[in-house]
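Respectively, the protein sequence lines represent chains E and R. The first sequence begins at 1 in the numbering used here and counts up by one. The second sequence begins at 172 in the numbering used here and counts up by one.
Each hint should be verified, as a subset may be incorrect.
[Claimed, not checked] Sample of chain R residues at the chain E side, in silico, Cβ under 8 Å:
1. M172
2. L216
3. I223
4. Q276
5. N279
6. L328
7. R360
8. G363
9. F365
10. V415
[To be verified] Reference listing, derived: stretches of chain R covered by chain E, where coverage requires no fewer than 3 residues with Cβ under 8 Å from a Cβ of chain E:
11. 174-180
12. 205-215
[Claimed, not checked] In the EDC-like style, the derived pairs of lysine to aspartate or glutamate whose C-alpha atoms are separated by at most 16 Å in a straight line are:
13. R:K232 to R:D255
14. R:K173 to E:E33
15. E:K152 to E:E132
16. R:K173 to E:E3
17. R:K173 to E:D29
Calculated directly from the structure, the hints in this document are not laboratory data. Bear in mind that the values here come from a model prediction, so they are computed numbers and not experimental data. Where is the CB? At the ideal position from N, CA and C, for every residue including glycine.
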Amino acid sequence: MNETLYPISVEVNGVLRTAPVPARLTLVDWLREELRLTGTHVGCEHGICGACSIMLDGEPVRSCLMYAVQADGHRVTTVEGLAQPDGSLSVLQDSFCDLHALQCGYCTPGILIAAQGLLDATAHPTDEQIREAIGGNLCRCTGYQQIVDAVKHAAARLAEDPLSPRGRGTG
Amino acid sequence: MKAAAFDYVRAGSVAEACELLRQDGDAIKLIAGGQSLVPMMAMRLARPSRLIDINEIAALKFVAPDPDAIRIGACTRQCVLERDDALAVRVPLLRQALAWVGHIQTRNRGTLGGSLAHADPAAELPLAAQVLGARMMLRSTSGMRCVPASDFFAGPLATAIEPHECLEEVHWPVWPERRTGSAFIEVSRRHGDFAIVAAAAQIAVDDDGRCIRASFGLGGGGQTPLAFPGLAAHLLGTRLDATVVQSVAQDAAIELDPGNDLHASAGYRKHLAAVLAARALRAAFDQTKDKQ
């Protein structure tokens with residue numbers, strides 16, 4: 001079957017990517033299978049688990065709930081875009097390691113995106129705000145306490161040094 | 172879990188969307204936030220042959236305060252509404268309802284009009300629309316028509332929107348009474364899920380603390396969210412004492428026709444409906460006390 005292909009042009013982690021895509025290709029499938037950005041995970045594929053969370057124009061959304069063609073002209077940040085260009089981890093990612101906030105790692109990219117969205121908007125989040133921010137992400141390994149602790153730890157580190165990677169000073 | 176093939180058109184204006192709908196409305200679905208439509212297409216419960224994307228139409232994204240109502244563009248994102256402090260003052264029930272809608276990631280993308288047009292019987296925004304008597308403005312190439320919430324919800328995932336029409340604006344009446352309180356409560360298996368049962372209420376009282384205006388409704392208990400204007404009238408002139416609240420809430424629950432499913436039996440839903448309706452009424456009334 002010959003499906004119509006639609007040209008798209010999307011800024012992904014700061015790089016303009018262009019491609020022809022069929023309309024039914026979800027954004028997450030495009031990111032993973034065409035761009036090979038496999039950090040974003042596919043879990044439930046219907047908007048429940050949060051594993052595929054990415055930032056669209058700076059705000060966390062589920063990339064299984066939109067088509068790649070809809071991202072044309074927009075800006076996408078995946079978990080690969082949180083780390084520094086040299087691959088060193090952001091403060092938030094580093095805090096997840098320090099506080100054992102992951103076990104199998106499947107949910108982690110989505111939770112990092114959700115938590116980064118919170119930290120971008122809120123310098124000193126309360127426990128309640130952190131739980132609300134990651135409330136749309138399922139983790140089946142760790143329980144959520146260490147994740148909450150890690151986000152809080154990251155917020156404290158960023159407050160001390162706003163110019164650290166993915167601090168508010170670096171946008 | 173992949174959608175069937177479809178054609179895609181990004182509409183530049185409401186007029187363009189309406190013209191496309193006029194040509195072939197039956198085969199077309201409008202896509203706004205897509206937070207319900209995309210999963211339905213992934214499961215192939217929906218197989219439109221063409222999607223008209225209205226996300227890029229700036230004219231569908233606005234919050235306009237009129238004297239007696241707030242007009243909101245259908246494609247306004249839920250996250251924008253939940254952050255709007257001025258809206259929360261004039262239509263407080265809307266922010267209270269939004270706190271229960273999905274999660275941050277879905278509210279960042281999901282829209283007001285999309286939720287109303289999808290019309291899930293357990294969704295929060297349709298219930299808020301019923302309780303406040305919101306008015307849906309439906310645009311087609313032949314003009315605009317206004318459908319009140321009471322005539323809008325036709326059944327599960329069914330509304331009064333005709334295949335050639337596009338929901339363009341929603342008008343939310345503002346209650347002028349100074350001492351107005353409202354509440355939205357629900358029980359769901361996890362926060363952010365659709366409600367097993369949800370209850371919403373808005374109450375206004377006079378200087379003496381007696382009820383002068385009342386509206387309440389229930390979601391998740393039948394084919395559509397329901398408001399109960401006849402029962403709410405029993406609250407007028409009272410101070411919402413326990414007896415009258417219990418009786419009105421019980422009567423509302425009796426009118427429901429909930430289904431049995433994996434999540435809850437019909438009997439449990441009816442029980443929840445009576446309990447939550449009473450709590451929502453009391454909570455709304457208690458809020459009026461803060462506005463002496």
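Consistency of the hints with the structure:
For M172 (chain R), the interface hint holds, since its Cβ comes within 8 Å of a Cβ in chain E; the closest pair sits about 4 Å apart. Residue-level restraint check for L216 (chain R) is violated (minimum Cβ-Cβ distance to chain E is 11 Å; threshold 8 Å). A least Cβ separation of about 12 Å between I223 (chain R) and chain E goes past the 8 Å threshold, and the interface hint is therefore violated. The criterion of a C-beta within 8 Å of any C-beta in chain E is met by Q276 (chain R), whose closest approach is roughly 5 Å, and the hint holds.
A distance limit of 8 Å between C-beta atoms decides the matter here; for N279 (chain R) the minimum to chain E is near 4 Å, and the interface restraint holds. Look at L328 (chain R): its Cβ only gets to about 16 Å from chain E, farther than 8 Å, so that hint breaks. For R360 (chain R), the interface hint is violated, the least distance from its beta-carbon to any beta-carbon of chain E being 12 Å, above 8 Å. Among the interface hints, the one on G363 (chain R) holds; its C-beta lies about 6 Å from the nearest C-beta in chain E, closer than the 8 Å criterion.
Against a cut-off of 8 Å between C-beta atoms, the interface hint on F365 (chain R) is violated, since the closest Cβ of chain E lies about 11 Å away. Against a cut-off of 8 Å between C-beta atoms, the interface hint on V415 (chain R) is violated, since the closest Cβ of chain E lies about 35 Å away. Chain E is given as covering the region 174-180 of chain R, and this holds because 6 residues of the stretch bring a CB closer than 8 Å to a CB of that chain, at least three being needed. Proximity of the region 205-215 of chain R to chain E, defined as three or more residues with a beta carbon under 8 Å from a beta carbon of that chain, is established by the 7 residues found.
Distance check on the hinted pair: K232 (chain R) and D255 (chain R) sit about 13 Å apart at the alpha-carbon level, within 16 Å; holds. Taking the CA atoms of K173 (chain R) and E33 (chain E), the gap is about 14 Å. The hint holds against a cut of 16 Å. With a CA separation close to 13 Å, the supplied pair K152 (chain E) and E132 (chain E) stays within the 16 Å bound. A threshold of 16 Å between alpha carbons decides the hint, and for K173 (chain R) with E3 (chain E) the separation of about 14 Å falls inside it, so the pair holds.
With a CA separation close to 10 Å, the supplied pair K173 (chain R) and D29 (chain E) stays within the 16 Å bound.
Hint compliance for this structure: hints 2, 3, 6, 7, 9 and 10 are not met, and every other hint is.
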